[in-house]
Each structure stands twice: as structure tokens, then as C-alpha cells.
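Could you slot chain V onto chain Z? The hints should help.
Top to bottom, those sequences are chains Z and V.
Going by my numbering, the first residue of the first sequence is number 17, and it counts up by one from there.
Going by my numbering, the first residue of the second sequence is number 3, and it counts up by one from there.
Please keep in mind that the hints were generated in silico from the structure rather than gathered at the bench.
Where hints are given, some of them may not hold.
[Said to hold, decoys possible] Cross-link-like lysine-lysine pairs, in silico, DSBU-like; alpha carbons within 30 Å at most: (1) 38(Z) - 312(V); (2) 195(Z) - 209(Z); (3) 38(Z) - 321(V).
[Unchecked claim] Which bits of chain V does chain Z cover? Going by a derived footprint, with three or more residues having C-beta under 8 Å, they are: (4) 175-181; (5) 217-229; (6) 329-340.
These figures come from a predicted structure and were not determined experimentally.
Using N, Cα and C, we set each Cβ at its ideal position, and we do this for glycine too.
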Amino acid sequence: MAELTYLQAISDGLRGEMRRDKRVFVIGEDVGVYGGAFKVTLGFQEEFGPWRVLDAPLAETAIVAGCTGAAIMGMRPVAEMQFADFISCGWDHLVTVAAKQFYRAGTPVPIVVRLPSGGGFSGGPFHSQNPESSFAHIPGIKIACPATPEDAKGLLISAIEDPNPVLYFEHKHLYRRIKAEVPEERYATPFGKARVHREGDDITLVTWGAMVYTSEEAAAQLDDDGVSVEILDLRTIVPWDREAVLESAKKTSKVMVLHEDTRTGGFGAEIAATIAEEAFEHLDAPVKRLAAPDTPVPFSPPLEKAFIPQVDDVVAGLRELAEY
Amino acid sequence: MAIAREAEPVSSLREIREAGLDREDLFGIYRSMLLTRGVEERGHILYRQGKIPGSFYTGRGNEAGSVGVATAMGPDDVGCPLHRDMGVHITRGVEPWRIFAQYMGREDGPTRGRDGNVHMADSQLGLLAMVSHLPAMLPVAVGCALAFRIREEKRVALGWFGEGASARGDTHEGMNFAGVRRLPVVFICDNNQWAYSTPTHLEYGCETLADRAQAYGFEGVVVDGTDVLAVYREARRAIEKAREGGGPTLIESMTLRMEGHAVHDDAFYVPKELFEEWAKRDPIERFRTWLRANAEMTDEEEDEIGAGVKRTLNQSMEKADASPLPDPSTVTERVYASVEDLDTPHHK
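Bound-form chain Z, shown alone:
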């Protein structure tokens, strides 16, 4: 086991797959000579050459649609959006072609699109978003949102193995901040299996991505109140682990769903609705949703702090639930 940052774990996972499988190639803006805006593919072009580490023109549709064509021809493309926000320029292709080609035409589209997402560093409205729920609504696409270095590697390997289009949301705020032991051997972390980040008995907190760490800090504060919080890290939101969520909800009888994406139509709504449908009789309180407000992501630090759910917000929400 080596201690790796979240970013190194992504990089290691990707490099390992490229060494193992000649069909895997990466394409994106500035991924080659420059090594990617965040340096995930630093040194890749030297190792794999310019035709497996392709610097693309600034054209997201050409990138993701190009991946689809190459995938149908037997390759295993991994595209990088420089920022998850720019996937809006490739939205049409993903939802119109990639997501539907297997259902309607029987042609699998095994592509991975890496999406550096999330805020917390004054990236402003176009470099901070978490657009996962927009895609969760589109049948045919899978979505991974790793929170730990170990999962960052294992879920990326699963994503590359998967015969479907996979959006892999990597949270920028975790890139160099989070460091942990990562197995050196190859392993695939299965999609649709939540991870218990922290066991607890009184409240279930369902979340993913960077919010796992916000939850962790908040839960520690609730310990002082004598309230034990269970944190479930979903790891993937399509598919998502309904069984694990419902089981934990039935155990604790109180649930908070937390995400960094905006509230209305956020994926937390789907989780809350499912709990209401499937575990209503087990609940001692209404399911609580905590999310960013329905605004663009603001730039200035105090505004951004007001936008992204903070530890204090989670603590307040958990206390309300505890006292209900």
C-alpha cells in the first residue's frame, strides 16, 4: 500500500489501465504536452505517445463524439473535460447518441468522460459546478463520484471496464487535499455499492464526493451531543445503492441527504423520494435535504461559502433531525 493523493490515485489507475490495455487512450484539451489542467495525465504522452494521449482542439462535442466513434470501433476512450462545467458543450452528444445507442441500435458505447467538478476555490459559475443530477435523469449513462483515493482508482478501473458511457466526477477540491493508502495492485470497485464511511445508530447521512468530508467533520461534532451519525458514501449515483440506503434508514429512522449540487431536481430529491416510498413507516422524522441553493455558483469567497454546504450547516441540520 502506498499513500496517494486523490489525484495521484486517478492518475495511477488510468496509467495502469493504459499499460494493461492498448485499447485505452486519453483525449482532451491540454492533456498531452501540458499533462492536463490539473496534471492528472502528466508524463502520459512521453510514455504512451501522441496517438494515445491526444491533445484535442477546444471542441467538447468532437471530443466526446469522437470517443463514441472510437469506442464503437473497439477502443476504450477516456475523455477529459477540462472542467465538468464544459460538459454542457458535449451534452447533446452524450444524451442523444451515447446514452441511447445501445437501447435503440444494440451498439454498446464504452466511453469514460472524466469531469473535474466541484467548488471551494473561487472558480466561479463556470469552473465549480456539480452537474451529476442532470445526467442521472438520462437513461443509459452511468455516474461515478468517488470520495476517497482508493475509490478514485477502483471506480475509474470499473468505469473503463464498463460497456456503457460513464461520467466520472472527480472532485477538484479533493485532488491534493485528500491522501490515503491505496492498494498497488489492480482492483475494480463495483458500481452501485455504497460504502459505510462511518458507522452510527441515530441518523443516516447519505452523500458522495467532497461532501463526505464535510459530513465527517459535522458527525464528529454530533458525537459531542451524544448523537451517532452513520455516513453512507454512495460512490456511484447511477446506479445507486438503494438497498444500503434503505437498510440504514430503517436502522436509524432519521435521514439527511447532502449534496454540493443545487437543491431543486438534485439527486438528493430522488433519494428522499425513494425513502419516503419504501421506508416511510420506519421514519421518525421527515427526510432532510441539504444542498446548495438554487443559484449559479458565485465567485467571491463569502458568497461561495454561503453557497456550498458548510460543516456548520450540516451540524445544524443534523441537530434539528436529532431533536425532532
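Okay, now just chain V, sitting in the frame of chain Z:
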């Protein structure tokens, strides 16, 4: 002043032999053109009988363009034909009964009733199924070519689009990327002069769309899309050039859409004189005349081809009608592929 080259017509049997076709090949082309039109005419009848749900689209007037290009493709080449390109499916060998089954939403259509009309393709034959958003498949064709280039295979991808879709960003992004990387891809613009009801002067401001190729760093050619041999020759040149590493070509094939956008549309907005003028250049009649004059096609040969096509169509309609409708209980199946589904000719 146009920048793109204008293709020459093919004037003799000797000339077309030099371009790689013998007399039997020519009869095969004629048969494919007849079958293409026949499938669409019969489809129209099925539609009027209420057997085809949704809408119905044809490529009448584009039989030379679609058959000519597909004839020039190599067996391992791939393409993304559109709704005016039935001739590509026919030439690549899709059995007509499966097309009728597709029209009627039956289980044996290439999309098993999951999608309709010409939104289909047989991947075994190197074709990718189109979507309604045009030209969404153009950058996908570029991606196919990218795979060929990465693996250094001598294969070529073909991407079709219409003059209407030339206005969209996908066209630009796909062509730009193909030009930058000199990928083995050939772009075919079926310019049939009408994007639904919108004429060309409201779609683009350049003299010809093929002129744009120069801006992307490759060659553009304008060809008479009613002349199947000229289309074939230009497509073959472009495909072989791409195969040998010469990069993309944009071929603009000029036709007139001889019917409305779809079956509900009587095309009142197209001037009558335009239809009359282009009717005189009907691609099938034009090629038939050419074959009589240049390839000594006899009455017997012509009748035999015609009768064979009719027989195929009759049998195909019968067979398609026997195909079951999809089982509604399967509606949620196969949204996501499993690893076994990757066992296709392409995903090897």
C-alpha cells in the same frame, strides 16, 4: 468564384472500368438503385395502409448519391448514413424485409422496434444508426476514423450530412478535428436544396459547401448527385486517398429532394418548375439510359433485373409482416449493455 473542384461526368464504359467497375458491377448498382426506390415506394404504401406508426421519410432523388458512395466503400469501411441514404443500407446488404420490419416497429427490424423509420443500421455491415439530431453522427464518424488511425488500420469512415445540418457546430467540430489530425474520413454532404422548408440561401452564405473544405485543410468536390457513376468515382478517389493517409475529403452531392420532408409534407414551398427540371434528371432513369447506350444493356437484362427487384420486394413485405411486434414486457430491458454485448464485429 467556387474553390472546390467540380467532378466530371463518366462518359464511357472504358472510363468506369478504369475506376474499378465491370459490367456486372454496373448492373448491381442499377439493381440497388431500383431496390432502394422500391423499398421506399412500398414503404409509402404500408404507411398509407396504416401499418407504419409515426412518420415516413424517403430519399427519392438521392438513389445515385447513396448507392454510388456505398459502392465505393471497402468491406471493412464504416459509415453513418442518414434518412435520405437508404441506398447505403441496400448496397451494404441489409435485407429489405428487415427494413420493412423496422418501418413497422417489428421485432426483426434492426432496432427491434426501439427506434423507427431510417433510424437503423446493421453493425455487422459496418453501419452506425443515425439519430434525429443532424449531423450528430458526423463527429462520431470522425471518432471511428480516429480509432483506425490509432491502430494504423487501412480503413475509412464515412459521415453523411445534409446542407441543412451544415449550419450546426457538430459539422464544424468534426471537420476541424478530422482536418487537424488528417484522419481517414470522407464527409458526404447530400445537398438536396431543402432543409424541411428552408432553402439553401437561408442555410449558408458560401457558394458551395464543398468550398468549406479548404478552410479545414482538405479537398472539397462538388458532384452531380444524379450521376451515380460520377458519385462513385469521386467517392472512390476520396476513400482510397483517405486509406493511403491523404486525409479527409468533403464531397458535396447535388440533388433535389423529390418529395416533402416526410410523408405529411406536400412540399408546396418548392417551385413546381424546380421539380419538373429535376425530374428530367431522375438518377435511375439517367443511369438506365446510360447503361443502354454505354454498356449495351439488353431488354432481357433490364427486365430480369426489374423482375428480380419486384420479387424481392414482394417476398420481403410478406416476411416483414410475419415478424412479431415487440413484447411490451421487455420495454425496460437492455438500457445498459453488459460485457457480453461487447461481442460485436466492431468491439473485438
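Each hint tested on the structure:
| no. | hint | in the structure |
| --- | --- | --- |
| 1 | 38(Z) - 312(V) | violated (49 Å) |
| 2 | 195(Z) - 209(Z) | holds (22 Å) |
| 3 | 38(Z) - 321(V) | violated (44 Å) |
| 4 | 175-181 | holds (count 4) |
| 5 | 217-229 | violated (count 0) |
| 6 | 329-340 | holds (count 5) |
Comparing the model with each numbered hint stated earlier shows that hints 1, 3 and 5 do not hold.
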